[in-house]
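Q: Residue numbers (my numbering), protein chains in the order written: chain A, 1 to 377; chain B, 1 to 377.
Read the hints as simulated data drawn from the structure, not as lab findings. C-beta atoms are modelled at their ideal positions from N, C-alpha and C, and glycine is treated no differently. A few of these clues could be false.
Here are the simulated BS3-like pairs of lysine-lysine, each with C-alpha atoms no more than 25 Å apart in a straight line [stated by the list, open to error]:
1. B:Lys173 x B:Lys219
2. B:Lys320 x A:Lys320
3. B:Lys320 x A:Lys113
4. A:Lys320 x B:Lys113
5. B:Lys320 x B:Lys293
Calculated Cβ distances over 12 Å to all of chain A for the following chain B residues [claimed, not checked]:
6. Ser102
7. Ala274
8. Glu341
9. Pro357
10. Ala358
There are 2 protein chains.
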Amino acid sequence: MFEFTVTARAGRARTGVFHTPHGDLLTPVFAPVGTQAAVKTLTPAQVRELGATLVLANTYHLYLRPGDDLVREMGGLHPFMQWPGPMLTDSGGFQVFSLADSRKIDDDGVTFKSHIDGSLHRFTPEKSIQIQENLGADIIMAFDECSDPNDRAYTAKAMERTHRWAERCLAAKTRPDQALFGIVQGGIVPDLRTASARFIASLPFPGIAIGGLSVGETKAEMYATLDVVTPLLPEDKPRYLMGVGTPEDLIEGVARGVDIFDCVLPTRLARHNAAFSPEGRLNLMNAAYARDKRPIDETCDCYTCRTFTRAYLRHLIVAKETLAGTLLSIHNLRALIRLMETIRLAIQDGTFEAKIPALLAQWRGNAKREPLAKPPR
Amino acid sequence: MFEFTVTARAGRARTGVFHTPHGDLLTPVFAPVGTQAAVKTLTPAQVRELGATLVLANTYHLYLRPGDDLVREMGGLHPFMQWPGPMLTDSGGFQVFSLADSRKIDDDGVTFKSHIDGSLHRFTPEKSIQIQENLGADIIMAFDECSDPNDRAYTAKAMERTHRWAERCLAAKTRPDQALFGIVQGGIVPDLRTASARFIASLPFPGIAIGGLSVGETKAEMYATLDVVTPLLPEDKPRYLMGVGTPEDLIEGVARGVDIFDCVLPTRLARHNAAFSPEGRLNLMNAAYARDKRPIDETCDCYTCRTFTRAYLRHLIVAKETLAGTLLSIHNLRALIRLMETIRLAIQDGTFEAKIPALLAQWRGNAKREPLAKPPR
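Extracted from the complex, chain A is given alone in its bound form (with noise of 0.2 Å):
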């Protein structure tokens, strides 16, 4: 259980496969983000035809509501939510620490705010792996400080604290049928980077998770900062840049051997009626697609380009009707899904090199970031 074979290589990036208990995991994959144990406005059904094999849930939120404990007595998210494939918990830290004003952070652990009601919780490591086991993902991650990237002092800081964190987790974990990632951090220092690279690396994480990206920093400076780390990572383990990201991240994340990538950005811009095409980011609710017989975009095959015209994607959304948003989530993930694929067998058919620049030139213009993340809801 839990072996990363590499199957194919292509400079830095890599194809492979992760043995989980709930069936092997092709990589590069990208993993739809199910915040509250839902992928947003979708059964499970319709994730996992568009291609969908990783997913992703929140520890902050599950246990906030409906509590780790009923997921636990419930078998655990794979049958509660019935994601028949792997799934990964974050610890929670992110989202406890994005919380702002209302947590305290010491050496122990985070004392916070709930957003649902304002009531007191805290989570340490221990904690953080106790709910994680409750809720059963095959990958869980180890609880870890996300500084800000700007701020040198504070970034040296948080980094060690994720060392002492991270070595907490390794002795809280129980199961055996769940891998436990560990998390680099150091900000976008190339010296922490390296000493956070080195030391998660040493430890016996089946795993190896970058944390502290897309958090605020320019593209350069996270691509610069992949360029640090992954050098220094074992070849045997999956690597997983948490929370990213744009269709051009993942294009520049695989090159520098990235094999894991989560993101919200395809089921927020759905909500807010954008969609991933190769013209570019559409604003369908614009007028200019009123009578618009073409689907998003006509090389794509999700089912709501196979179905619908621009028109109609267009009325829905005019209309208020929230089948926009589940259509626009279907075409969004596939379109992240689909780019994976393709990335996966031009690594296997050794072209994956030579395309890197007309992968690029068509998802350039979906590259926009999206700003900081916001606090939870």
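Fit chain B to the known structure of chain A by using the hints.
A: The following block gives chain B in isolation, referenced to the frame of chain A:
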């Protein structure tokens, strides 16, 4: 085209086949409502999967948004919303009259203000037919006037107007691939209903609707009115009871010879967290379901009941995930469509009349009628 063949009888109840350009319709049938060219929260694939055959859309809404000319330019409702089966549009009358303070009726038509932007519009019988020809449903409805059942003088006047308008609709109609249904009015006054049924039945409509029910009268008054009307209607034309209704109403309606029903109840209840069940209407927001591992209805074959626990559905509701509305809509629509399948089989095997008490007992807890129809939106 548009022949109706009765295939079996049980008392006044009958099964039949109605031939339309988009396929044969097996009756009795319940039609989900797609007010704005979308069955709320569901893709056409989901609507198809739950066994729907006929789908209704609303002329008033589609005339205002996106506009019937736009729908025509897109090829009509079928390609626009991608519903492959038979469709029906109402005349727009009912919704315009329900605008109460913002409409003025005269013998020629009705002038009204849009609920969206207050702009002034006018519907006449000719205009309603023109719009419905642009929308392109298989079954279209005559422009009628629905009266307050408790106002006898107004009811007589509205019935007369409905009859003149029925003749004008027949004269205005041009498309041979649409079946125009006449509408019987007359409130709850037996003499008026008798006169209206005889008059509408005398005109060359391929199907006949019963309007002006489920608008504030009691259930006993509705059933008594059906007892007056259906025996006066030709046997070889389908009968459509508009805007009805609850499971109990469907059983009682079929027993009185009705073939077609439609109602927003299943999808509206879903948005209010309520589900049909043999235990009666469940409010799944209730804390009692927080750890309930049962499906909504153990005997139901819908995707929701085959897949999810009440606990999960309650979690989605509490967490304000719109997926809850999707999953409850699937169940509620499937419940009524399955009820109609059960009834069709029972009519065919000669057991329907014997089964009526058991069917009514099974569905009694779901019989509560929704309040009087409110203005659009």
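Q: Against each hint, give a clear statement of whether it holds in the structure.
A: Do the hints match the structure? See the list:
1. Distance check on the hinted pair: Lys173 of chain B and Lys219 of chain B sit about 35 Å apart at the alpha-carbon level, beyond 25 Å; violated.
2. Between Lys320 of chain B and Lys320 of chain A the alpha-carbon distance is near 17 Å, which keeps this suggested pair within the 25 Å criterion.
3. The hinted pair formed by Lys320 of chain B and Lys113 of chain A meets the criterion: a straight-line CA distance of about 20 Å does not exceed 25 Å.
4. Between the alpha carbons of Lys320 of chain A and Lys113 of chain B the distance comes to roughly 20 Å, so the proposed pair stays at or under 25 Å and holds.
5. Between Lys320 of chain B and Lys293 of chain B the CA atoms are separated by roughly 20 Å; this keeps the pair inside 25 Å, and the hint holds.
6. At roughly 20 Å from the closest C-beta of chain A, the C-beta of Ser102 of chain B stays outside 12 Å, upholding its exclusion from the interface.
7. With 12 Å as the threshold on Cβ separation, the claim that Ala274 of chain B sits away from chain A holds: the shortest Cβ distance comes to roughly 18 Å.
8. Residue-level check passed: Glu341 of chain B sits 22 Å from the nearest beta carbon of chain A, beyond 12 Å.
9. Look at Pro357 of chain B: its CB is around 37 Å from the nearest CB on chain A, clear of 12 Å, so calling it non-interface holds up.
10. The beta carbon of Ala358 of chain B sits about 33 Å from the closest Cβ of chain A, which is more than 12 Å, so the claim that it is off the interface holds.
Violated hint: 1 only; the structure is consistent with all others.
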